[in-house]
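Peer 1: Residue numbers (numbering that gives the first Met the number 0), protein chains in the order written: chain Z, 0 to 262; chain G, 0 to 191.
Calculated from the structure, these hints are not laboratory results.
These numbers come from a predicted model, not from an experiment.
Glycine residues also receive a C-beta, built at the ideal position from the N, C-alpha and C atoms.
Careful: at least some of the hints might be erroneous.
To be verified - Beta-carbon label-pair distances, calculated as ranges:
no. : chain 1 : residue 1 : chain 2 : residue 2 : range
1   : Z       : Gly-78    : G       : Ser-25    : 53 to 59 Å
2   : Z       : Ile-19    : G       : Ile-83    : 16 to 22 Å
3   : Z       : Asp-159   : G       : Cys-31    : 14 to 20 Å
4   : G       : Ser-25    : Z       : Arg-36    : 47 to 53 Å
5   : G       : Glu-179   : Z       : Ser-122   : 19 to 25 Å
6   : G       : Leu-170   : Z       : Ser-218   : 51 to 57 Å
7   : G       : Gly-173   : Z       : Ile-16    : 41 to 47 Å
8   : G       : Glu-75    : Z       : Gly-14    : 17 to 23 Å
9   : G       : Val-96    : Z       : Lys-190   : 48 to 54 Å
10  : G       : Ser-25    : Z       : Lys-200   : 51 to 57 Å
11  : G       : Glu-179   : Z       : Gly-46    : 57 to 63 Å
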Amino acid sequence: MNDILIAVAIIGGIGLIGGILLAVISHFCDSGEENARLAEIRDALPGANCGACGYAGCDSYAEAVENGSAEPNLCAPGGKDAALKLSEILGVEIELTQKVARVNCNGCTDNAETKYNYFGLQSCKAAAALGGGMKSCDFACLGLGDCQNVCEFGAISVKDGVASVNEELCGGCGLCAKTCPKQVISIVTKKASAVVPCSNKQKGGVARKNCKVACIGCSACVRACEFGAITVENFLATVDTEKCTACGKCVAACPQKIISIVK
Amino acid sequence: MPEQSLWSMVIAVLLAGILTDNMVLSKFLGICPFLGVSKKLNTAFAMGMAVILVMLLATAVTYPIYVFLLIPAGLEYLQTIAFILVIAALVQMLEVVMKRFLPPLYKALGIYLPLITTNCAVLGITLLHFTNQRIIDFAAASGGYESGKVFLVCMANALGAGAGFLLSMILFAGVRARLENPTYLSFYKGYP
């Protein structure tokens, strides 16, 4: 009987001492003062945890904003409202820019040639694994809607084998760009500018054979642009939205008639 | 057995812990973190460092409890329960203290600490100090487990076991990292 009592006393004593020490230490080490502002910042964020800000989720973004290592205007789904609220909490002025997703391909079923008939799983990822997809162009949108499925805002729709983004609805979170196996979608600043809806980096002749609306890299738009906003690299024209004024001269110059102006 | 000097014993135990008595590869303890956190080299390294730290602390605390509390009371059979209790409380305390005073270290090791609270490798090393034949012989030759020398040897044993765990984690993580990202020719891709 005595042995059991000693055993109980020793184990119980160890537990008791451990418990008391834990309670005392956590009482002294608990730092609750800085968390009020952090909670306020987190409440101002939408809580979508989309990762568009470049942080792991709303919590870690809130932490980064709180200690000043991140700008308060990075939240794409929260947009203007969240940015204004955050700047109010922090007491700083901010600059507002909004991001949108853009599909850099216009190879719909009429325009793009096909390599083979695809009857597999209706997913771009699966199709892309099979010889790079069913379209002859290696850079084309496959149009099976992986981006549409992943979009939280219902902003993407697929029509005639090409995805298109409704920029009014788009939150600019970039999930679609991450999902697209062909990396056709890019995230750009929302601003009126010229757009080259093509991703083909092959030489002009090859590109034209595979798709009616391919950029052939002829540089006519580069010569037409008065602001130096267009560059051609790897036989593909890209527009620098910062410099572009949406004047429309490149639209007239393009022999393929593929450049358009987005408002 | 011939008399062994303290430092030759420390080095022998340390090397044995890393190589021949390796926790994972020879004793098969601590397999769950070994498999769970060995996908990337940097997480494997952080986990290994956390295990070393906890093994050293656990030995430093459980050794006196066993030698000066459980043995005199004749309660050796309670060592498993007592050690789990002590190690769990210790790791929780360590986490709280680290969060407050060493935030960078907490960020690097913090999430792994709760994982190894009752890890079998950590509990195992505290128990194995008292069944390791080499340490038992050394204790018999130098005045029992109450001797400070034996405590030092046990700390070396814990450090060696932790370092051995770190070594096997890093080796395995290296292999897994290579297997995760193999490069193969593009025309093989996707075709069954």
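Peer 1: Against the range 16 to 22 Å, how does the distance between the Cβ atoms of Ile-19(Z) and Ile-83(G) compare: consistent or not?
Peer 2: At roughly 18 Å between Cβ atoms, Ile-83(G) and Ile-19(Z) fall inside 16 to 22 Å, so the hint holds.
Peer 1: Is the hinted range of 53 to 59 Å satisfied by the C-beta distance from Gly-78(Z) to Ser-25(G)?
Peer 2: holds (58 Å)
Peer 1: If you check the beta carbons of Asp-159(Z) and Cys-31(G), does the distance land in 14 to 20 Å?
Peer 2: Once the Cβ atoms are compared, 52 Å apart, the range 14 to 20 Å for Cys-31(G) and Asp-159(Z) is violated.
Peer 1: Could you check the hint for me, namely that Val-96(G) and Lys-190(Z) are 48 to 54 Å apart, CB to CB?
Peer 2: holds (51 Å)
Peer 1: Range hint 41 to 47 Å: satisfied by the CB atoms of Gly-173(G) and Ile-16(Z)?
Peer 2: holds (42 Å)
Peer 1: Take a look at whether the Cβ-Cβ distance between Leu-170(G) and Ser-218(Z) falls inside 51 to 57 Å.
Peer 2: Holds: the Cβ-Cβ distance is about 53 Å, inside 51 to 57 Å.
Peer 1: The hint says 51 to 57 Å between Ser-25(G) and Lys-200(Z); measuring C-beta to C-beta, is that right?
Peer 2: Roughly 54 Å apart at Cβ, these two residues keep to the hinted range, so it holds.
Peer 1: So does Ser-25(G) sit 47 to 53 Å from Arg-36(Z), Cβ to Cβ?
Peer 2: holds (52 Å)
Peer 1: Take a look at whether the Cβ-Cβ distance between Glu-179(G) and Ser-122(Z) falls inside 19 to 25 Å.
Peer 2: Once the Cβ atoms are compared, 22 Å apart, the range 19 to 25 Å for Ser-122(Z) and Glu-179(G) holds.
Peer 1: Go ahead and decide if the range 57 to 63 Å is satisfied by the Cβ distance of Glu-179(G) to Gly-46(Z).
Peer 2: violated (32 Å)
Peer 1: Is the hinted range of 17 to 23 Å satisfied by the C-beta distance from Glu-75(G) to Gly-14(Z)?
Peer 2: Check passed, 19 Å falls within 17 to 23 Å.
In the structure shown, a violation is registered for the earlier hints numbered 3 and 11, in ascending order.
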